[in-house]
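> These protein sequences, in sequence, are chains A and B.
Under this note's numbering, think of the first position of the first sequence as 1, with each following residue one higher.
Under this note's numbering, think of the first position of the second sequence as 1, with each following residue one higher.
Honestly, I wouldn't trust all of these hints.
From the structure, some residues in chain A lie toward chain B, with a derived Cβ separation under 7 Å [to be verified]:
(1) L12
(2) P69
(3) G97
(4) G156
(5) T180
(6) T184
(7) K324
Covered stretches of chain B, as calculated for chain A (at least 3 residues, CB under 8 Å) [stated by the list, open to error]:
(8) 31–39
(9) 54–64
(10) 179–191
(11) 258–269
Lysine to any residue pairs mimicking SDA-like chemistry, simulated, CA-CA at most 25 Å apart [what the hints assert, rightly or not]:
(12) K375(B) / A176(A)
(13) K9(B) / R79(A)
(14) K372(B) / D65(A)
(15) K128(A) / D65(A)
(16) K255(B) / E16(A)
(17) K372(A) / Y155(B)
(18) K94(B) / S426(A)
Honestly, the hints are just simulated from the structure, not real lab data.
No residue lacks a Cβ here, since even glycine has one placed at the ideal position from N, Cα and C.
Letter by letter, the chains look like this.
Number of protein chains: 2
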Amino acid sequence: MPRNDVPNKVYLEAQELPTSWYNLIPNLPNPIDPPLHPVTFEPLRIEDLMSIFPKSLIAQEMSRDTYIPIPEGVQEMYRMFRPSPLTRAYCLEKYLGTPARIYYKYEGNNPSGSHKLNSAIPQAYYNKEAGIRRLTTETGAGQWGTALAVACAFYGMECVVYMVRCSYEQKPYRRAIMQTYDATVFSSPSNNTEVGRKILEQMPETSGSLGIAISEAVEDAASREDTNYALGSVLNHVVIHQSIIGQEAMAQMAKIGETPDIIIGCCGGGSNFAGLIAPFMGEQLAGRLNARFIGVEPAACPTLTRGVYAYDYGDVAGMTPLMKQYTLGANFIPSAIHAGGLRYHGMSQVISRLYHDKLIEATAVNQTDVFKAAKIFAVQEGLLPAPESSHAICQAINEALRCKETGEEKVILFCLSGHGNFDLTSYDNYNHGRIHDAPLSDEDLALGLSRLPKIPGIQG
Amino acid sequence: MPRNDVPNKVYLEAQELPTSWYNLIPNLPNPIDPPLHPVTFEPLRIEDLMSIFPKSLIAQEMSRDTYIPIPEGVQEMYRMFRPSPLTRAYCLEKYLGTPARIYYKYEGNNPSGSHKLNSAIPQAYYNKEAGIRRLTTETGAGQWGTALAVACAFYGMECVVYMVRCSYEQKPYRRAIMQTYDATVFSSPSNNTEVGRKILEQMPETSGSLGIAISEAVEDAASREDTNYALGSVLNHVVIHQSIIGQEAMAQMAKIGETPDIIIGCCGGGSNFAGLIAPFMGEQLAGRLNARFIGVEPAACPTLTRGVYAYDYGDVAGMTPLMKQYTLGANFIPSAIHAGGLRYHGMSQVISRLYHDKLIEATAVNQTDVFKAAKIFAVQEGLLPAPESSHAICQAINEALRCKETGEEKVILFCLSGHGNFDLTSYDNYNHGRIHDAPLSDEDLALGLSRLPKIPGIQG
Chain A
1 MPRNDVPNKV YLEAQELPTS WYNLIPNLPN PIDPPLHPVT FEPLRIEDLM SIFPKSLIAQ
61 EMSRDTYIPI PEGVQEMYRM FRPSPLTRAY CLEKYLGTPA RIYYKYEGNN PSGSHKLNSA
121 IPQAYYNKEA GIRRLTTETG AGQWGTALAV ACAFYGMECV VYMVRCSYEQ KPYRRAIMQT
181 YDATVFSSPS NNTEVGRKIL EQMPETSGSL GIAISEAVED AASREDTNYA LGSVLNHVVI
241 HQSIIGQEAM AQMAKIGETP DIIIGCCGGG SNFAGLIAPF MGEQLAGRLN ARFIGVEPAA
301 CPTLTRGVYA YDYGDVAGMT PLMKQYTLGA NFIPSAIHAG GLRYHGMSQV ISRLYHDKLI
361 EATAVNQTDV FKAAKIFAVQ EGLLPAPESS HAICQAINEA LRCKETGEEK VILFCLSGHG
421 NFDLTSYDNY NHGRIHDAPL SDEDLALGLS RLPKIPGIQG
Chain B
1 MPRNDVPNKV YLEAQELPTS WYNLIPNLPN PIDPPLHPVT FEPLRIEDLM SIFPKSLIAQ
61 EMSRDTYIPI PEGVQEMYRM FRPSPLTRAY CLEKYLGTPA RIYYKYEGNN PSGSHKLNSA
121 IPQAYYNKEA GIRRLTTETG AGQWGTALAV ACAFYGMECV VYMVRCSYEQ KPYRRAIMQT
181 YDATVFSSPS NNTEVGRKIL EQMPETSGSL GIAISEAVED AASREDTNYA LGSVLNHVVI
241 HQSIIGQEAM AQMAKIGETP DIIIGCCGGG SNFAGLIAPF MGEQLAGRLN ARFIGVEPAA
301 CPTLTRGVYA YDYGDVAGMT PLMKQYTLGA NFIPSAIHAG GLRYHGMSQV ISRLYHDKLI
361 EATAVNQTDV FKAAKIFAVQ EGLLPAPESS HAICQAINEA LRCKETGEEK VILFCLSGHG
421 NFDLTSYDNY NHGRIHDAPL SDEDLALGLS RLPKIPGIQG
């Protein structure tokens, strides 16, 4: 039954806002394998994480509660930019000529320009509660560093960002916005840490890497009593915080009497996709929903579609805990031709588990198709999307065109995780024909996988 | 009576959205003086404008109707980003410790990043209706050029933007976003027009100016049958389109049972301020409201507070009609130290008339105070404001602090006309102590005013 009585944008009243996050992990049919200590290979203990995270976040990381209350101090800041609108893409539907009804949840209306702020806020809040006055982190493109800077400024905390050197130099606006929120931004490798000084001595011309920046941020946090470290994706507590996206979306869909048939999100570390689908997947596992869930990744970094399900490190140096996940190998770096984000070698544990158990689908798309979809969306829906988020748009358009062929009036929901206002160099390259496809080669895939860690008795 | 039961953000249901613009002009106690032909000094006729504007917009420019229906084809695109949220600034109030209740209407949630799209859409729509397939315009900072590019892309029209050369070179991202919406962007002066070629010959090293860019855009439009010209501020029809801001704000305030005591907006050409206040002023003039209306301008370009009320041209070359307005003289250029927009020498006729009749107030603020207010707002309200819009924030904070002194629980409403994502060079300068005040000097004021046009029998 077609329904065109839905307003363009659906919001929620104050009393309808979610007051808890949704944790999918205790509801999975098969449990996540335990994270392992990077050196002893023993199951990870709470104490192993206490030099860089507060107890409250470690408890969330290991939580088996389905609902985790959102503290009022977090809700106060969420209310500045939440609920994010659920938008019916009437003009895009009309342009495509599809009978499908397309909805998107837009997470870009905040100074970080993306969903990242959803986790930066509680991470800053819980650390402040624990008496921590200073947070460190790394940032590549800058979305996560900006998000943490915004959250720290609100709670009156110091924020120190190790920004990959090439980004620091090429993205002065991203640096400037973090500084506007009073963050201290170091070009990484920096002289501020031992690991940074060592690398600068050996490779003074290095353009830096996320791996180096993580090492610097962790060293800084571990070496000071008043300082902790914050990570913007991948970990369970980050995924839990991002469930605010799905919690709101479910309430908004219910409000207009819609049920999604297809739920789509882009996948880098997996946090926005996991956050969107979490409560819907809960319904599905309880037999109350029958939807398809599709994670979309770049063909240049196809973690789910071409990686393996194995224990791997989160960083290059092998200092992080080992987690069971889909991975291309911790040393993997996507082709330099790849323009957008979504460059992480691994994937959050919960998305990996769902994919391994065939409860979600995944697809990899080429970046010329992604930018083509982004431009269609920009014109038809009046929003310039981030290249990352445009992976989800690309797949939503594919599904809507399939509905056009079959005549099916499916309800498609996707997460538009951020805006593209800081990605205009990439758009400029696309406009001038300088964006080319760079699917992962078999050789590079084999090389990445050849370096997976060997764990006696577990992984050979 | 304090009331803290208001949600952070107030929206409108589909059926509550305004379906007409509000035209304040027929309700003014004293009429606007007639615009004059630039050469004959006779009252301007419809025919004088027909080579660059469609009849429908000329009719709006001269309309004496209070309500002008918004065509469904315009409403369709408005619905993508409207209603804009009316936000209660709870965190800012708490930070200031004021008993005032502060509300702001945020116009930045669209790809132009500002209120400019509110007029770009109907201008593109009416031109398309009139059989025009190509629009030209000028842009300085780029907000207006982006807005027109977005609107033209949606309606399938060609958009040609003459972008002041120094901006074209210093703001490649603004150029890129216009090109992403398929606009053709020329660095002005260009080889594309006679006036451009002439200036390039005489001054090959010129950095360009808005005056030159206007001349190029008008020449291009006047010389082609299929092409018209579009202007982003100042004119009556632009002000009418911007009344969507005030129409929505009035419905949103009514919905939560609030009545504004003080209404604030920044003033460049006056379109966002006029748009916000129009329906409220209608209520005030009918004796149903008792509010203060405050226009805020930069001390570097104090058109209302230090200019004179006289007939003046809109451009440097004296090719536009003469309009009665507050002006610093058409040759006026603000100090190079001035960082933000709001650089126009004149002011919309309706704002000028209201100010002359003492129905609104005006104040000029220094830019270091503006950036200080911007940073407070950015941290407390989680939105990076445009420097232009921050003039309104600055005054709203001043008024809220006055309420703190007196204990008055006033209701303050201001327009946050746009975001600052494309203004990070200015923020970076502020962060590094490179922003200084540049109030207009008496000498520069006298020089600007000495060149006002002489009109026999009207202005000596």
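> For the pair supplied as a hint, K372(B) and D65(A), is the alpha-carbon distance within the 25 Å limit?
Cα-Cα ~44 Å, so violated.
> Between K372(A) and Y155(B), is the straight-line Cα distance small enough, at 25 Å or below?
19 Å, holds
> Closer than 7 Å between Cβ atoms is the bar; does K324(A) clear it against chain B? Give me holds or violated.
36 Å, violated
> According to a criterion of three or more residues whose C-beta lies within less than 8 Å of a C-beta of chain A, is the region 179–191 of chain B covered?
holds (count 4)
> Holds or violated: K94(B) with S426(A), Cα cutoff 25 Å?
At roughly 40 Å apart (the allowed maximum being 25 Å), S426(A) and K94(B) break the hint.
> Less than 7 Å between beta-carbons is the criterion; does T184(A) satisfy it with respect to chain B?
12 Å, violated
> Counting residues of the region 258–269 of chain B whose CB is closer than 8 Å to a CB in chain A, do you get three or more?
violated (count 0)
> Assess, step by step, whether the Cα of K128(A) is no farther than 25 Å from the Cα of D65(A), and give holds or violated.
Given pair K128(A), D65(A) holds - Cα atoms ~23 Å apart, limit 25 Å.
> When the nearest CB of chain B is found for T180(A), is that gap smaller than 7 Å?
5 Å, holds
> Using 7 Å as the Cβ threshold, decide whether L12(A) counts as touching chain B.
9 Å, violated
> Let's test the interface hint: is any C-beta of chain B closer than 7 Å to that of G156(A)?
9 Å, violated
> Was the hint right that P69(A) lines chain B, CB cutoff 7 Å?
Hint on P69(A): violated, closest Cβ of chain B at ~20 Å, above 7 Å.
In this structure, the hints that do not hold are numbers 1, 2, 3, 4, 6, 7, 8, 9, 11, 14, 18, in rising order.
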